[in-house]
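Colleague: Chain by chain, the residues:
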Amino acid sequence: MAAELHVALVAADREVWSGQATLVVARTTSGDIGVMPGHQPLLGVLESGPVTIRTSDGGTVVAAVHGGFISFADDKLSLLAEVAELSDEIDVQRVERELERAKAEDDAEAERRADVRLRAATAAR
Amino acid sequence: MGAQLRVYKRRIRSVSATKKITKAMEMIAASRVVKAQRKVAASTPYATELTRAVTAVATGSNTKHPLTTEAENPTRAAVLLLTSDRGLAGAFNSNAIKAAERLTERLEAEGKEVDSYIVGRRGVAHYNFRERKIAESFTGFTDDPSYADAKKVAAPLIEAIETETAEGGVDELHIVYTEFVSMMTQTAIEARLLPLSLDEVAEEAKPEKGEILPLFDFEPSAEDVLDALLPRYVESRIYNALLQSAASKHAATRRAMKSATDNAGELIETLTRLANQARQAEITQEISEIVGGASALADATAGSDR
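So the sequence lines, in the order shown, correspond to chains A and B.
Each residue of the first sequence is one higher than the one before, starting from 1 at the first, in the UniProt record's numbering.
Each residue of the second sequence is one higher than the one before, starting from 1 at the first, in the UniProt record's numbering.
Each hint can be trusted.
Cβ-Cβ distance ranges computed for the label pairs, FRET-style: (1) G87/B <-> Q20/A: 47 to 55 Å; (2) S259/B <-> Q20/A: 46 to 54 Å; (3) R112/A <-> V181/B: 35 to 43 Å; (4) R112/A <-> G169/B: 28 to 36 Å; (5) K35/B <-> D88/A: 19 to 27 Å; (6) L23/A <-> E164/B: 41 to 49 Å; (7) Q93/A <-> V34/B: 32 to 40 Å.
In silico lysine-lysine, DSBU-like type, Cα no more than 30 Å apart, as pairs: (8) K19/B <-> K9/B; (9) K112/B <-> K133/B; (10) K98/B <-> K23/B; (11) K151/B <-> K103/A; (12) K112/B <-> K152/B; (13) K151/B <-> K76/A; (14) K151/B <-> K35/B; (15) K152/B <-> K103/A; (16) K35/B <-> K20/B.
No wet-lab data here; the hints were simulated from the structure.
Only a predicted model underlies this, so the values are computations on that prediction, with no experimental measurement involved.
Idealized CB from N, CA, C, for every residue including glycine.
Please model the entire structure based on the sequences and the hints provided.
Modeller: The following block contains the structure:
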């Protein structure tokens with residue numbers, strides 16, 4: 001049996017996703033990082049961006065993560081984020097509207113958030 | 001109907017109306033406690049993971065960070081007091097306020113200047129009435145706090161702790177909130193958030209004895225990770241305290257409203273007895289008046305026959 005790692009994607013107010021996976025790709029402040037089973041213990045700071053989780057049954061889960069941490073030890077990986085959403089929870093049309101509004105209002109923070117969501121939603125397709 | 005009886009009837013009606021209201025408030029609070037408890041439970045995984053991460057950095061590296069090292073001569077401290085926006089919760093708010101005052105006194109006795117940060121209208125009103133200085137106050141979300149609210153509360157505190165003491169910053173950060181022990185017990189407790197005593201954190205985070213924390217590889221570096229981690233840790237602790245305080249408030253309201261309902265019931269019973277007595281007295285009096293009147297009449301007619 002191929003090695004697996006247990007992933008828990010946790011937001012501040014709920015557990016967003018948890019399950020078995022074979023590969024997790026996330027963006028840390030020093031670049032993209034892919035974690036597979038047996039990786040060396042790691043603790044990193046995440047950038048806002050999409051996180052891709054390849055589940056052990058062959059599926060792919062993509063989530064938009066807004067800042068946070070990745071921590072990996074003993075084949076247990078936790079992704080901590082203040083705000084995290086799965087790509088299928090994201091309403092693309094609404095986010096596009098939000099993005100437009102943010103651009104119009106010159107709200108860099110909101111624009112970045114909408115952009116991350118949008119990227120996660122498109123990456124899942 | 002006699003005047004006495006009418007007064008009793010009126011009071012019974014008014015107490016019954018009050019009882020209905022307190023009963024409704026009791027049930028609302030009961031349902032909110034459950035919801036608040038669920039929120040506390042939902043926020044636990046994040047808090048546990050975060051604590052684990054903090055422990056990992058703290059034990060796995062020799063990094064010195066201003067937020068984990070104690071100032072040699074602490075002169076200023078911030079106290080964050082969590083109260084509720086609304087009352088009708090028994091001693092909930094006064095207990096928290098008292099605990100904060102005790103803590104403030106103790107800190108002042110140690111020669112520290114205390115900045116008060118207050119959440120909840122009740123606490124703000126208490127301090128304003130006594131004309132005490134409030135560094136910053138936050139209101140409007142105590143019944144159902146969100147993580148964004150916790151961030152809003154944490155932001156000025158983190159800023160204060162990162163500022164040099166000479167420039168108006170603080171050396172220590174304390175928090176006073178009401179811990180939700182059970183439906184029946186909520187206790188006001190105080191805790192020092194910063195500087196972080198790492199032994200305490202390590203104690204809390206250790207799930208099993210003998211588990212050795214692995215040697216972590218830090219990305220990008222231990223300092224940067226700690227830099228990013230500690231504010232989040234503070235936010236998460238404040239969030240947890242806000243949620244517990246909300247759950248406690250609803251539990252306290254439920255209990256206060258339950259005893260109000262019980263008291264109203266008792267009052268209605270006593271008043272009903274008094275009303276019955278008054279009615280009975282009225283009837284007795286009427287009967288004796290009739291009997292007296294009849295016998296007086298009989299005496300009068302008997303006298304005229306003679």
